[in-house]
Structure formats: structure tokens, C-alpha cells
Amino acid sequence: MQLLRHEGVRVIFPKNQGCCGQPAFNSGYREQALPVARALSKCFPKELPIIVPSASCAGMIKHHWQELFAGQEDEQYVLDIASRTYELTEYLVNELRIKLTDLGEPIEIAVHSSCSAQREMKVDQHIKSLISQLDNVNIIEHQRKTECCGFGGTFMVKQADISGAMVKDKTDCLRETGATTVISQDCGCLMNIGGAFEKQMASGEKSMNTQHIAEFLWQRCYKE
Amino acid sequence: MNQTEAFYQRIEKALQNDQVRQNIRSAMNGLMQKRAEQFNDPEELSELREKARSIRHYSLAKQAELLEKLEQKLIENGIQVHWAETAQQANNIISTILKDAGAKTIVKGKSMVSEEIGLNDYLEQQQIEVLESDLGEFIIQLAKEPPSHIVAPAIHKNRQQIAKLFHHFFPELSYSEDVNELTLMARKILREKFEKADAGVSGVNFAVAETGTLCLVENEGNGRLSTTSPDLHIAITGIEKVVEKLSDIPGLLNMLTKSATGQTITTYFNMISRPRQPDEKDGPRAVHLVLLDNGRSRIRFDNDLLETLRCIRCGSCMNHCPVYVHVGGHAYGTTYPGPIGTVLEPQLAGINNIGALTSACSLCGACAEVCPVKIPLPKLINQLRAEAVNEHFSDKPVLGKGSLRKTPEVIAWSIWQKIYSNPFLYKTFSWFATSLNFLTPSKLGKWSKYRTVPKPAKKSLNQLAQENGFDYE
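Protein chains in written order, with the working numbering: chain U, 1 to 224; chain F, 1 to 473.
These aren't lab readings, by the way, just hints derived from the structure by calculation.
Any given hint could turn out to be false.
As the list claims (entries may be wrong) - Simulated restraints on C-beta separations:
| # | chain 1 | residue 1 | chain 2 | residue 2 | range |
| --- | --- | --- | --- | --- | --- |
| 1 | F | MET271 | U | LYS122 | 36 to 42 Å |
| 2 | U | LYS122 | F | LYS104 | 56 to 62 Å |
| 3 | U | LYS99 | F | PHE301 | 53 to 59 Å |
| 4 | F | GLU473 | U | GLU141 | 39 to 45 Å |
| 5 | F | PRO250 | U | ALA202 | 32 to 38 Å |
Unchecked claim - Residues from chain U that keep clear of chain F, each with C-beta distances beyond 12 Å, as calculated:
| # | residue |
| --- | --- |
| 6 | ASN16 |
| 7 | GLU47 |
| 8 | HIS64 |
Only a predicted model underlies this, so the values are computations on that prediction, with no experimental measurement involved.
We put the beta carbon where it would ideally sit given N, CA and C, even for glycine.
Just need the whole structure built from these sequences, with the hints factored in.
Printed below as a string of C-alpha cells:
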């Protein structure tokens with residue numbers, strides 16, 4: 001929000017916002033997901049762009065709400081919301097055409113693109129194009145970079161052991177890069193990957209910082 | 001033990017087997033890379049997928065008509081046609097044909113439909129000897145295991161394991177871990193069987209209605225031998241495999257081989273159109289086709305679910321599935337594993353029997369991205385999850401609807417719904433969660449087995465937005 005405001009955007013934080021309904025939707029409990037999604041939908045009545053700082057939530061609003069609201073009275077309204085919904089990096093690059101100046105020290109990072117960013121929202125190229133504007137930041141590609149980190153919302157709870165095996169692979173691949181920091185545009189993946197690094201530290205493995213792209217850009221380009 | 005517990009047990013067992021996981025991971029890496037090399041132009045790929053999707057879609061839309069045409073053409077060509085509504089019927093039909101012909105030994109080309117109906121076990125109970133002639137199938141038949149992958153059934157084994165297996169069963173042959181030598185051994189053993197077999201059984205990749213042609217894709221020549229060397233050939237396939245015309249084949253075959261193994265075309269492509277003619281010197285004297293429904297008509301009845309039936313069995317969804325890569329095919333406990341199995345099996349056998357499979361998916365979408373016929377696998381998996389916990393979710397003809405609904409889950413989601421759909425409750429909840437964040441438990445079941453439990457921030461986003469002077473309305 002600070003980053004957008006700094007770029008001259010008037011940011012409104014709808015005070016009644018909650019959750020997009022994805023956890024219940026992806027668990028089969030659509031009856032419960034619908035009122036939650038509807039409560040959020042009511043927060044965006046104005047004809048304004050809606051910026052979502054996590055590709056997975058953006059994907060839910062943009063692509064799955066229409067399935068969830070199918071046949072409901074507010075189906076059309078929800079389609080309108082979908083057309084106004086942007087993932088943060090998508091908005092920064094395509095709409096704002098942001099110009100960044102890197103004020104930070106040289107750093108090597110790995111970028112984890114979430115499944116939603118790659119395959120649902122198709123916005124994974126934007127995080128790279130933002131970072132490519134930063135002179136002192138070097139992205140090191142990791143192996144199996146398109147593979148899921150194992151988060152998957154309630155999947156992580158229901159199939160904890162498979163999820164654990166997946167995040168183990170992901171952290172191993174990220175660690176191999178030798179980079180110090182992992183950047184992502186998705187909060188769920190960051191919670192999963194960051195938590196796994198922290199847990200593995202206890203058994204003596206090297207950890208990496210995990211940071212959301214917004215925070216990373218804010219710290220490197222705006223903070224004195 | 002209920003199906004969910006049984007599934008967890010299979011998963012646990014699979015995750016503990018590092019050797020198998022390593023074998024599968026390395027094999028899948030190879031298959032993914034080979035596929036990617038075949039499709040290096042994204043625009044062309046997108047056109048090819050759309051074309052293949054539309055051929056399959058059209059075939060399903062006109063399926064009844066095409067099946068009638070297929071039957072008529074096959075009969076004209078001298079191929080006998082049998083319809084089986086269930087697996088049991090299909091087994092009966094095949095064993096009757098074999099008994100009538102006095103067949104005691106059969107060789108089989110690879111066929112997943114024969115796995116689906118449990119043909120080998122059934123025939124063996126009737127004292128008919130069955131020999132799998134596909135190398136992978138031959139290996140797992142020796143090991144008494146089911147296929148772990150629909151294209152590469154023994155992919156979970158490495159060559160050292162195969163060498164040991166061969167040595168155990170054929171001690172007269174010298175031990176070798178060399179892939180070529182192992183293949184030659186199998187070839188030698190199988191050749192003798194081909195000569196003596198009374199009948200051959202095969203699957204079908206595409207059945208062409210226009211000409212009454214059965215297309216069979218394979219790499220080892222075992223399919224051709226199984227279908228031409230014995231006097232009797234019985235083919236079995238699902239009714240959804242019918243396509244309208246011969247000109248539909250290139251668009252599908254091309255996508256099948258490239259998606260499956262990264263091959264431009266397989267070593268063998270058989271087009272079977274009739275039994276041996278009086279002036280011909282080889283080929284079977286009788287050819288039968290068994291067309292199996294086994295729940296497919298029920299799936300086809302629904303416009304969303306019928307997308308499942310577009311599948312051409314290339315296996316690329318499993319090759320790209322991060323869950324399959326970790327647990328392998330056996331953990332699914334079904335004929336068809338991976339994403340397509342997760343969608344197909346609960347529809348065939350009922351959610352009440354195998355719906356638990358749908359939980360083993362992070363909805364990452366890697367499968368749908370590579371599917372050559374554009375089946376929206378994650379969407380279908382999520383839809384089945386909804387059917388599984390809500391009997392009244394839709395009027396779709398799904399078996400075992402609502403059978404996975406659990407009261408504690410319903411209560412938990414209902415509480416979640418109350419909090420998250422009410423701004424006041426939500427703010428109160430997040431105030432507690434943030435203000436009392438020191439109370440966050442450090443252990444939270446299996447969550448904390450692999451990662452630490454996230455601590456809520458000290459202040460909620462609501463508080464921060466107000467403190468930092470953002471418009472709050």
C-alpha cells in the first residue's frame with residue numbers, strides 16, 4: 001500500500017474486507033465459501049481497480065468466483081469485479097508502468113513463482129521484469145522452478161506428509177542456488193517455504209530469508 | 001479401515017521408499033524434458049492442443065452414432081463385436097471366446113482397460129495362462145505388482161532391481177544390469193511364448209468408425225506380435241476411444257506420442273482392420289473387439305464431467321504432477337493413478353469407494369497445462385471435492401455423493417464462515433489473534449512436523465492501514 005501511495009496512487013483499504021473464500025472452496029465446502037466471498041465482494045462497489053498482493057487470492061476472485069457464484073443473483077456483479085482485479089505485480093508493470101531505482105547493496109536472490117501466478121493469473125513474468133529494473137539484484141534460477149512448493153491451502157493439512165515432501169524438495173532446490181533471499185508474489189507459498197526453512201534450521205541446515213515482492217521493492221527502492 | 005485411512009497408509013509407505021521415489025523422480029524428469037523438446041513453439045502447441053481437444057470433444061458428442069457405425073464397419077470387415085456394460089461382463093466375454101477356441105495360453109500387449117477389469121486374475125482363475133509381452137508389463141507381472149504408470153508400468157523399478165528380478169526367475173540366464181542385455185533376455189523368453197500362444201489380447205488407442213480400424217500404438221513390436229502371431233486376437237477398449245474418421249488420427253497420434261514419451265512417432269503403429277484373408281499368409285484367423293462401458297456412459301451424461309473422457313492416456317499429467325512424483329502410482333491404489341486417475345477413478349468406482357484420492361492434489365495446475373486434450377483436471381478434482389462433501393451440490397450422476405462429509409469439518413467450516421463473513425466478528429477475531437499472538441501454539445499437528453507455525457503479526461492489517469493514514473472506508 002505504501003509503495004502504491006508513493007507512486008501517486010490513492011489507496012483505499014475497504015475496512016470490512018475479510019477472505020476470498022478459497023480455503024473452503026478448495027475443500028469442497030462451497031456453501032460456506034459463498035457467504036464469505038460475498039461479504040468480500042461487497043467491499044468493492046466502486047468502479048475502481050482492485051489490487052491483490054497474492055496471486056492465489058487474485059486467481060480466486062478473478063477466475064473461480066464466477067464458478068462459485070454461478071446462478072446467483074450477484075453473478076454479473078462478480079464478473080465485473082473479476083474484470084477489475086489485478087495481481088499486484090501485474091498492476092505495477094502493466095498499468096502503472098513503474099520505474100524503479102535500486103538503492104540497495106548487491107544481492108543474489110531466488111524467485112519462487114507460485115502456481116497461481118504462473119498457471120492461473122499468468123503474471124509470473126512481471127515479478128522478473130520488476131526485479132530486472134534493479135541494478136544490484138541478481139536472480140539465480142533454481143531447479144524445478146515451476147514445481148509447486150506443496151502449500152495448496154488445506155492440502156497442506158489434509159496431505160501433510162506429501163506437502164512436507166514437496167516443500168523439502170523446494171527448499172533444497174532454492175538452497176542450492178546459494179542465494180540469500182527468496183522472493184515471491186504469493187503469501188501462502190512464503191509462509192510454507194519460510195516455515196520450512198525455519199524448521200530445517202533446527203537440524204543445522206542453511207536457511208534463507210523469505211520476502212514478499214512488495215516488501216522487497218519497498219525496502220530497496222524507497223526507504224532511506 | 002475406511003478408504004481415507006487406507007489411502008494415508010499407502011502414502012506413508014510410498015514416502016518411506018526412497019529408492020522408488022528416486023527412480024520415479026529421475027524417470028519423470030526425463031519424460032518431462034523429452035516432451036518439452038517436442039513442443040518448443042508455444043503457439044504451435046496451443047493450436048495442436050486445441051485441435052486434439054476438438055477432435056475428442058466431437059467424438060464424444062457423437063459417440064452413440066459413431067459406435068453404431070464402428071460396429072457396422074467392423075462386422076463388414078469380419079471383426080466380431082461384443083458389448084460389455086461391466087468389468088465382469090467383459091471378463092466373461094473374453095474367457096468364453098478363449099474357451100470356445102480352446103485357447104490355453106495367451107500373450108498380451110499392453111492394455112490399461114484389461115487392468116481395469118482385472119483380466120489377468122480372472123483368466124488365471126480359469127486356468128488360462130496369461131503372459132504380458134510389453135517389457136514393463138512383463139517385469140511387473142514377474143514381480144506380481146500392478147502398473148505404477150499408465151504408459152511406463154514398471155517405471156518405479158531401476159535396472160538393478162530388474163536384473164535381480166530376472167535372475168530370480170530365470171537363473172539359467174547370466175546376471176546382467178545392462179539395459180540392452182536385459183531387454184535381449186526378455187525378448188528371448190517372450191519370443192518362444194509368442195510362437196506357442198493360442199491367442200493374443202491387446203488394447204486399442206483409437207477405434208475409427210469410418211473404416212472400422214483399430215489403432216494400436218507401441219514401441220516394442222510386442223503389440224504387433226500379440227495381434228498377428230496367434231490365430232485369435234481379442235482387442236478390448238473403452239467405448240470412449242471411438243473417433244469418426246481416419247483423418248482424425250494424425251492430430252491425436254502426434255499429441256499422444258509427443259506428450260507421453262517425447263517421441264515424434266512410436267516405433268510401431270498398428271492399424272488392424274480385418275482378420276486374415278484367404279490369400280494372406282499371416283495374421284489371426286479371428287479378431288474380436290470388446291467394447292467396455294463400466295461407468296463411462298454415466299460420466300458422458302454430464303456436460304462438465306464428460307471432459308474426463310477426452311483422455312487419450314498419454315500419462316503426461318502424472319509425469320508433471322508433483323504429488324505423483326513423490327508417492328508414485330501404487331499409492332493411489334487404482335488402475336489409473338495421478339491427476340487423471342484422481343478424476344476418473346472416483347467417477348468410475350464412486351466417491352464412497354475412492355473419493356479420498358481428490359485430497360491428494362495441491363491444485364497446482366501443472367497437469368492441465370500439459371494435457372494434450374485440455375482436460376481441466378484441477379477444476380474437475382475440485383468439483384469432485386464439492387460432490388464428496390455435499391449430497392445436494394449438483395444433479396450430476398456421480399456415485400457416492402456426500403459420502404465424505406464429516407460433521408467436525410462441517411462445524412469447523414461453518415464457524416469459519418460465521419467469522420469471515422461478518423466484518424465485526426472478523427475484526428474481533430483478528431484483534432485477538434494479533435494481540436495475543438504470544439499464545440500461538442508452537443506445535444500444530446503435522447503442520448509443525450515440516451515447518452514452524454506462523455505467528456500472527458503484532459498488529460492486524462486493519463490497524464496498520466488506519467495508523468498509516470490510508471483511506472479506510
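Status of each hint after checking the structure:
Remark: the range hint 36 to 42 Å for MET271/F to LYS122/U is upheld by a beta-carbon distance near 40 Å. Separated by about 58 Å at the C-beta atoms, LYS122/U and LYS104/F satisfy the suggested range of 56 to 62 Å. Here the CB-CB span from LYS99/U to PHE301/F is close to 56 Å, well matched to the stated 53 to 59 Å. Remark: the range hint 39 to 45 Å for GLU473/F to GLU141/U is upheld by a beta-carbon distance near 43 Å.
For the pair PRO250/F and ALA202/U, the beta carbons lie near 57 Å from each other, so the given range of 32 to 38 Å is not met. With a least beta-carbon separation of about 4 Å from chain F, ASN16/U fails to lie farther than 12 Å from that chain, contradicting its non-interface assignment. In this structure GLU47/U is separated from chain F by more than 12 Å, as the shortest Cβ-Cβ distance comes to about 15 Å. Non-interface call for HIS64/U relative to chain F: violated, since the shortest CB-CB distance, roughly 8 Å, does not exceed 12 Å.
In the structure shown, a violation is registered for the earlier hints numbered 5, 6 and 8, in ascending order.
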